[in-house]
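Novice: Heads up: the protein sequence lines correspond to chains V and P, in order. Counted the way full-length UniProt numbering counts, the first sequence spans residues 1 to 74. Counted the way full-length UniProt numbering counts, the second sequence spans residues 1 to 264.
Source of the hints: derived by calculation from the structure; they are not laboratory data. The model shown is predicted, which means the values in this text are computed figures rather than measured ones. Even glycine gets a Cβ: it sits at the ideal position worked out from N, Cα and C. Each hint should be verified, as a subset may be incorrect.
Chain V regions said to be covered by chain P (calculated; three or more residues, Cβ under 8 Å) [as the list claims (entries may be wrong)]: (1) 22 to 28; (2) 46 to 57; (3) 67 to 73.
Examples of chain V residues lying across from chain P (beta carbon under 7 Å, computed) [said to hold, decoys possible]: (4) 17; (5) 18; (6) 32; (7) 33; (8) 35; (9) 36; (10) 39; (11) 43; (12) 60; (13) 61; (14) 63; (15) 64.
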Amino acid sequence: MSNPKVQAVAAPAPVAVPTISVASLLPWLLFAALLALVALYFVSAEQGATSVFSGTGVHEWVHDARHLLGFPCH
Amino acid sequence: MLNARTFLVRGLLAGLVAGIVAFGVAYVVGEPSVNAAIAIEGSGSDAGHTHADEPAAGHQAEHTHGDEAEVPRSLQSTLGLLTGTVVAGTVLGGLMGVLGALALGRLGGLTPRQSTLAVTALAFVGIYLVPSLAYPPNPPAVGHPDTIGYRTALYFTLMAISLIAMVTAVLVGRRLASRIGGWHAFLVCGLGYVVVCAVAIGVMPTYDEVPESFPATVLFEFRRASLITQIALWGTLGVVLAEFVGRLTRTAIPGRDRIPAPVS
Chain V
1 MSNPKVQAVA
11 APAPVAVPTI
21 SVASLLPWLL
31 FAALLALVAL
41 YFVSAEQGAT
51 SVFSGTGVHE
61 WVHDARHLLG
71 FPCH
Chain P
1 MLNARTFLVR
11 GLLAGLVAGI
21 VAFGVAYVVG
31 EPSVNAAIAI
41 EGSGSDAGHT
51 HADEPAAGHQ
61 AEHTHGDEAE
71 VPRSLQSTLG
81 LLTGTVVAGT
91 VLGGLMGVLG
101 ALALGRLGGL
111 TPRQSTLAVT
121 ALAFVGIYLV
131 PSLAYPPNPP
141 AVGHPDTIGY
151 RTALYFTLMA
161 ISLIAMVTAV
171 LVGRRLASRI
181 GGWHAFLVCG
191 LGYVVVCAVA
201 IGVMPTYDEV
211 PESFPATVLF
221 EFRRASLITQ
231 IALWGTLGVV
241 LAEFVGRLTR
251 TAIPGRDRIP
261 APVS
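Construct the complete structure from the given sequences, taking the supplied hints into account.
Specialist: Spelled out as structure tokens, the structure:
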């Protein structure tokens, strides 16, 4: 808002940034957090520290990503 | 439209882009050291660490990287790596999108783009940087398979402590800002976060499972590549999401972030 033209147009203070009500965001936040938890579990820990599915297929498929993203792999 | 759905969708999209960029960076920067580590593992020249002689570790005993592996290396380093970075990027992006919506107009005088960048930067520090300082990423051939549960628990415990401290710092900082100003609130809460994490790292157990014969250069190159990959992931996510949020709020509030046409 340091542009001089802004002041030339009208004197009013900069428009306040709108907010979105916390109540409307909370369910979405919960959903996004759960989605991230479940998906990151499969990338980071499945068939490593714990296993939902037996075998090593999931582990091996995401093996390089698990290492390079910094999770303990094996 | 400024609502949760639009922010979630844009977050997922930004995360998808970030995951693809992170794959490219990880493939170019990271794969050489991963392959070097696997070659060391396969040659058996490391200090006794092989997967085959650890039958107690259950399925991990069968875990191999060579041609006999269930998923060949050629897939692990391409489609497998892409899957991992894209899945991680997309879900983290979705979370950042909603958190960006929450931060909109609630982080002092920051503009929509600035608050979005701030949220992703804080998440990068809280989720990756701090845990990795205590428990740095390790390449294949480093780490005993029978301690994987213990090491994973330590890593995620520290991540949880870091995240709780970060959320607390932001919430306290917002309250403090009205009394001592945004800058000093940032300094106080930033220091608080650093102290809490430093104490946690100091108190929590450490481990060193790098075989004596493992080359230090490969270890360094791998850890540097991991850091660069994470910076690529979070950096792309933050910048793309900030651009999206900037466009969203510009159309939602005409006049914001836009140079008005000159009026005579």
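Novice: Out of the numbered hints, which ones does the structure contradict?
Specialist: none
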